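A.B. asks: Read off the chains here:
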Amino acid sequence: MKSFTNANPRDVAHAVALSAQAHGANRSVSFAGGGSDLLALVKDRIVAPDVIVNLKTVKGLDQVAAAPGGLTVGALVTLDALDRHPVVRRDHAALAEAAGSVATPQIRNVGTIGGNICQRPWCWYYRNGFPCLKNGGNTCFSANGENQFHAIFGGGPSYIVHPSDTAPALVALDATFRVVGPAGERMVPAAEFFILPRDDAKRENVLAPDEILASVHVPAARRGTRSTYHKILDREAWTHAVVSAAIVLELEGGVCRLARIVLGGVAPVPWRVPEAERVLVGQRITPELAAQAGEAAVSGARPLAKNGYKVPLTRNLVRRTLVELAARA
Amino acid sequence: MAEPITPLKTVGHPTPRIDAVDRVTGRATYSRDVTLPGMLYARVLRSPHPHARIRRIDTTKAAALSGVKAIVTHENCTVVWGAGGIAGGRQYVDEVKAITKQRRYAFNNPVRFVGDPVAAVAAVDRHVAEEALQRIVVDYEMLPFVLDHEEALTPDAPKIWPEGNLSLDVENQAKPLAQRRGNVDEALGRAAHVFEDRYSTQFVHNAQMEPRACVAAWEGDKLTVYTPTGGIANCRHDIARDLGLPDEKVRVVCRYMGGNFGNKNQNQDSDLIAASLAKLAGAPVKLEFSRKEDFIGMHGRWPTTQYYTVGVADDGTVDAIRLRAVSGMGPYRKNSGGMAGLDLYGCGNAEGIIQPAYTNKTVSGNFRGPEFPQGYFGIQSMMDDVAYRMKMDPVEFVLKNMARTAPGNAPFTNFTLEECIRRGAELFDWKRRWHPQPGSDPGPLKRGAGMAFMEFRSGIGQSSAVITLNGKGQYTLFVGVTDVGGGAKTTMGLIAAEELGVPLSKVEVVWGDTDRCPYSVGESGSRTTIMTGYAVIEAARDLKRQIAANGSPAGEQVVIASATPNPTMEGRKVRNAFGAHFVEVEVDVELGHVRVAKYLSVADCGRLINPLSAKGQMAGGAIQGIGMTLHEDLIYDQRTGQPLTAGFYYDRIPTHRDAPEIEVLFVESDDGYGAYGAKSLGESGKAPGPAAIANAIFNATGHRFKDLPITRAKILGALA
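Residue numbers (this note's numbering), protein chains in the order written: chain A, 5 to 333; chain B, 4 to 723.
Here chain A stands alone, though its shape is the one from the complex (with noise of 0.2 Å):
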């Protein structure tokens, strides 16, 4: 690996000082909450950060509390304790199922939140130092290559897709960012966070180069809310989502009074399909309307020449965990 040079700041205001500091020294910084991803990266060169600025002795964003309207979990909780988190787990089981799903065990006890919202593409092309778009190039290697695991929603001119599984899950539950930077912090919903790779294909969400994702505000579950999130692996564990799938529904007297659904695997942000909610919205869940549904959630899918799977196990995938969902007790 590159050598780099390790800044440990006290708060976040520090940490964006200090990226701010080695930007106006035209030296590149990364940030490292766990650094699970990021050293990986660093060894295979992939990124050469100049600086690396160690967020694990950032003070406070390691909690998961109670604030006004819903619960605030701190960028640096781990992946294993937010699918341990009692609250989580009782009213957003969608993030803690999907924290849970992530990678191994002794990534999810190092691995954060943040990180995990914040992680690199896991295309094969960009990780193997290919120079692809999100290697500095101007090609997308996957659009006319082996492109089993790419995109088919949202794709061009990269067919990255998301990697994260708790990213899904956030944008079902309306969650909140909290982002600081140089100018001091804004609120992001999730659903704006990750921008589409026509918008810019060399970054996967809206952070400035000064800019961290600090914390999460989860808003209070309604009445009559549930949620889940559905993953479909390439092995037991360790892959990320071929497809997976982040539901929330509200129900009331049975009836879907609201529903959102984010499918994770199958586009370069996390995928919301209204055209899905839109069939469930003011009716009773029945095993067909979630086929309906299902269909309305691929209807707009265009797959590659080598991910056409990816519609059926999509459709399958949204019909099955809605059932499954709305049988839940």
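Hints were generated in silico from the structure; no laboratory data involved.
All the given hints hold, so there is nothing to weed out.
In silico contact screen, one side only, chain B against chain A (beta carbon under 7 Å); selected entries:
#: 1; residue: GLU593
#: 2; residue: LEU594
#: 3; residue: ASP640
#: 4; residue: TYR653
#: 5; residue: ARG655
#: 6; residue: THR658
#: 7; residue: ARG660
#: 8; residue: ASP661
#: 9; residue: ALA716
#: 10; residue: LEU719
#: 11; residue: ALA723
Keep in mind the model is a prediction, meaning the values are calculated, not measured.
Even glycine gets a Cβ: it sits at the ideal position worked out from N, Cα and C.
With the hints as your guide, set chain B onto chain A.
C.D. replies: Below, chain B alone, put in the same frame as chain A:
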């Protein structure tokens, strides 16, 4: 049915490994843990191109970096890596090396695959060595390349060697591997039913846990190499030959190794590169490979394409089998490229012609039953399909058609295959789990059962052992094993203890050092227990004879016994292990998911020396078979020739959660050969796995998947 086998005094009882505590407490020293005074660290620069001529290498900027002590390239290191590419698994012969046209050097020009070593740097630390690699400037002339092994044999394919892409054999002949018995054309002509099909298998990496690392140190003209190898004696001989040294000037040490699966049988280029750098730098050198380098720079199972034609009589008797096949060897022929399977069937007319083809992919070589799982997948999928077409239960079809003698009607030392299959079918409850109508479950979860069987070589042969007894009553066993994973240190100790009539704790085992241990066959070919184990018995007998004649040693006396037996078979007999795998799968046809619901591995591996290790070996083999069948694949970008899935993440090797409960039933026997009747075990536990799983998927879904791996994409493509 044979005499029931009962445990002996020490042999036959489940016994924890003698080094288990050292391994799990981190005390065990692997090659990567060896650190010598003044030692340098080395890294390899590898070709980023699948096929290119090196016009020029400029190492001046690297050499100028502070801390860089030695750099080797094809210009200043012309060592030939004998075991790396000479003609098909028979590479231990100096005469072959002398005449071969297709030499594989430690550094080749042209480079012929992504990962072919281009240069290596030794420096004061790892970081400097890696930085130095960044500063080596290589001017490549790109050459056309070919990735697919069938395409490689077409007339217009780019030539990887001047002689063409059909691999040369040890005599420099471009001849396919050919096997014939009877008259296939005639038998096919008269057959009531003729079936044809095509099957293919992928490149599968050995994926042993320990990536390669090697420490080389010279003292004068004597070289010591600490390296992970399953055969210290072979490794030493290979290194000595490749470097032009007498064997006794090379010492190979391997205290512990983290898995082999055929990936560490001989010497490796890492040994030669480290030794060359150490010589040049005048200091010990530690060379380490990353996981990715280990995947692309070493070798894995050869991919195959297999075309079968099978002639069958009305009663389901197979009368003719024809196989035409191509194996993908990468650009160097590190092993044969063969395919096992034709010998499984008793039919008198069989013909196999296999073309080992060069490609610009990662090299193919030994991997746990080198020619077995892929060959068995092809022929036993084919035969399973024939059974259904003949409206027969596949188990009945196998019992009818399996070979009961070796080719040429040579008798087996014992034949337990039928017993393995019948007992397995009963224990597995085959009649209940198997669906006469494939795919008949309503779904979306469809269950089905499949089976496949094996006959695995268990030949006897020469090896050595030394046992000493000192005046304090302590026995010491010296054996040239390293334990590739099968527990050889413990096995050898158990055999010695048995023969000496003492508990295992009374026998100290010394292993893994060519200066301390006598020759042992490499821990490849599942032969250590048979051959070295027998040498241990003979050495123990010699010790007992000496003591009977001269009395026990007293004081500082030491009695030394050694043996190098070279037993031979009686008459034309052939010795095989036998077995059958029975698998039940549950296929979710809506999600394309395969779950192995039940796995029964039945085997006659002769007498079990350590049932605990034996069971572990069979289970591990089954799990590897699951990975090969469902997941693992080294996928290449077709336009650039770059491998995309090197490493444990992208290659999807099985995790603990992918391993089902695996039941193992041993049908023990003692045919009078080997150590107490022990037969081969380590490799055979994988051999029938892929065929059995694929056959179960057919039974569950009614769709025959003919190309490995059977991925979610293929299942959904066929069924959703």
